[in-house]
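Visitor: Next come the chains, spelled out residue by residue.
Protein chains: 2
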Amino acid sequence: MKQAELISIGDELLIGQVVNTNAAWMAERLNLIGIPVVQATTIGDDAATIKKTIQESFERADIVLITGGLGPTKDDITKKTLAEFYQSGWKHDIEVENHVRAMFEKRGYTLSDVNLAQADLPEKCTVLMNKMGTAPGMWFEENEKILVSMPGIPYEMKYLMEVEVIPRIQSKFGNQIIVHRTVLTQGVGESVIAAQIEDWENALPRYMKLAYLPSPGCVRLRLSAFGNNQETIKNQVDAQVALLYDMIGDLIFGEGIETLPSVIHQIFKSKNLTLSTAESCTGGLLAQKITALEGASIFFKGAAIVYSNEMKVKLIGVNSETIEKFGAVSQETVQEMLTGALKTFESDYAIATSGFAGPVGGNELNPVGTIYIGIANDQKTIIKKLQLGNNRERNIEIASLSALQLLRKFIQQPNN
Amino acid sequence: MKQAELISIGDELLIGQVVNTNAAWMAERLNLIGIPVVQATTIGDDAATIKKTIQESFERADIVLITGGLGPTKDDITKKTLAEFYQSGWKHDIEVENHVRAMFEKRGYTLSDVNLAQADLPEKCTVLMNKMGTAPGMWFEENEKILVSMPGIPYEMKYLMEVEVIPRIQSKFGNQIIVHRTVLTQGVGESVIAAQIEDWENALPRYMKLAYLPSPGCVRLRLSAFGNNQETIKNQVDAQVALLYDMIGDLIFGEGIETLPSVIHQIFKSKNLTLSTAESCTGGLLAQKITALEGASIFFKGAAIVYSNEMKVKLIGVNSETIEKFGAVSQETVQEMLTGALKTFESDYAIATSGFAGPVGGNELNPVGTIYIGIANDQKTIIKKLQLGNNRERNIEIASLSALQLLRKFIQQPNN
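So the protein lines, in turn, are chains A and B. Quick note on numbering: the first sequence equals residues 982 to 1397 in my numbering. Quick note on numbering: the second sequence equals residues 982 to 1397 in my numbering.
Where hints are given, some of them may not hold.
[As the list claims (entries may be wrong)] Within a straight-line C-alpha distance of at most 30 Å, the following computed BS3-like cross-link-like pairs (lysine-lysine) qualify:
hint, chain 1, residue 1, chain 2, residue 2
1, B, Lys-1390, B, Lys-1252
2, A, Lys-1306, B, Lys-1033
3, A, Lys-1366, B, Lys-1252
4, B, Lys-1033, A, Lys-983
Please keep in mind that the hints were generated in silico from the structure rather than gathered at the bench. Note that the structure is a prediction, hence the values are computed from the model and not measured.
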């Protein structure tokens, strides 16, 4: 089985100013074509280290994908180092030069020598045109080992992977057979799920592997199986996942690359419904999650981010006496926020949130981490009280995801 | 100089379902106490690989920090592997057991044997109490080399780093001298900045290093200097940064761990001003960025996410004829959104956004990527037209940051 390694180059990664999101994306993309990633290494902009790391990676893997260090600035040395590693001379690629010129012209920027130098490339590489930026990718092939160098900027790397690298790897190595299926859950933690599915997990055949992938407010369960026959493996994975649905179906909101917002999009578009939000403690995160996806304008009417009590009253008609009597963080206020959102936005459904996100605030009755989330249509209301910790970011994230999960259940399982 | 390496363990990282944010955070934290990180490696949940990687890391570094693989589930094997690596027996830590019991009781979860097993630990380690979760950290020390194992869940790791690991490393190794200063810019790309500061960069002394750290809508410039005398180095870094301000001060919005939202918080709180937003294409991201930080309620009155034309009219009083005549994506509509937000929210300042975020939509006059951002108070309005690409996520992010930068300049440099 062909295996890959990833090397991320950049002092910025080792001083911790940039999070390496490339490695995860590339790993997932390679796995989907049956190429497992055995190791991912991050190193600095240092020629000797780069060469040594490449050598070590080739001892474990046949494909090494490198990102970073191709920018026009002085600290970027990857291209020069690769030319040394492959003992290669240089060529000037006129197609790259024309592309760089065109990009600068379009944006109205002044072209400098460092930008034009992007067209100087090691003779031994196949140039991969980067339509998203000025630094091209480089494909080296020697002794049946492949090395690809790409820019570290995520959308440039993704473009090169999709258009150039993945197709070339597939045509060279054909497909290995790995079947993954990932089930997405929201509502309880990793160990609660583990306890519920323990017997099933213990009984899994040896060629299957279950991974728990927790993030705030969401646990993903990925079942992977390896084998020789695509159809057989797929059927067996499907059969196991069906058992999983029997056990914890209530927690499952989707699969694979779905997200709670994408599931909500699908439900509202397919049922021709409309939605609005009235947000206090989530501060716009619900609206942002919904509108981050294309096509939100079809069903999302809008949001009132009513951070102050004054605006809860003025913008969506919460009764000021309700706030006075029960507090802004209360079932009663959330009820009126829901009614107000349905009326103001003339939407079929509304979500409302109010709580103490922390890290300070709260009161005796409702300490930090107390968050009310509610869903309503013109027939029915559900309000749920969450008791979370005192991590603000986490609380806002969990409250938003919990509200979307509550909305999904409200529509898909109206009798629960 | 003592050096560190990071090892992240988890199949979930190699199949790409979880982005490794821990490595960046830990690297930054170690750098701040003068411990450079020389390499960061991600490997799977495999005992032999874990042992081999630790051995190799110890060849380059004196401190190895490991995250991941400490969960209660079957695929987590780090603890067992470390016991083997150090040829250690086992002990049961009653303090950890009591803590696990208390956490479960507080949350109303049922305690299972796998949870209690978190209190079984290698005899040779110093147990680091993890008040944020059930898996404790482990500190091993042998032959002047330190290995620390922590959970992969970011807020648990961060707690252990701040409370246990960093103080212990500092007291053991004292401080190395590295001075960093990071200047944050918004408005133009990496190569435009590079061209503007080229002569200065070329003239930097050898013991200083400049790194460009681009992310969508923001380029950070980190100047690092190494030496023996804290004060001398700091003075020299400060002098160089002062020159940087002379050259590109207009682009700089802050330094270090500041962000545009944190700078806006500071300005509005110190000047006792209030703010609201009326968002179309940014869909709540501006409100979310502002309210993600504690204390937003002091100055942030709220937001109207007016995704539909209907809501632009109804919620904040945009004239429907304006939308009809000029379109929702126009200077004229944004002008009325600003006026409407100031009036509706009774705020001193308002931000408004309207544009085609993409990836599809737009028209001949205003193609995808055309976004109007505006700022107003009761005296003055500034509206700026951005022409971005067709990457929706990127466009929304850049538009939001550009709007916050415009707001900052509007207040801090009112005559520009």
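Visitor: Each hint: holds or not?
Guide: Hint-by-hint comparison with the structure:
1. B/Lys-1390 / B/Lys-1252: holds, 14 Å
2. A/Lys-1306 / B/Lys-1033: Distance ~63 Å between A/Lys-1306 and B/Lys-1033 Cα, so the pair is violated.
3. A/Lys-1366 / B/Lys-1252: This hinted pair is violated, its Cα atoms lying about 36 Å apart.
4. B/Lys-1033 / A/Lys-983: At roughly 21 Å apart (the allowed maximum being 30 Å), A/Lys-983 and B/Lys-1033 satisfy the hint.
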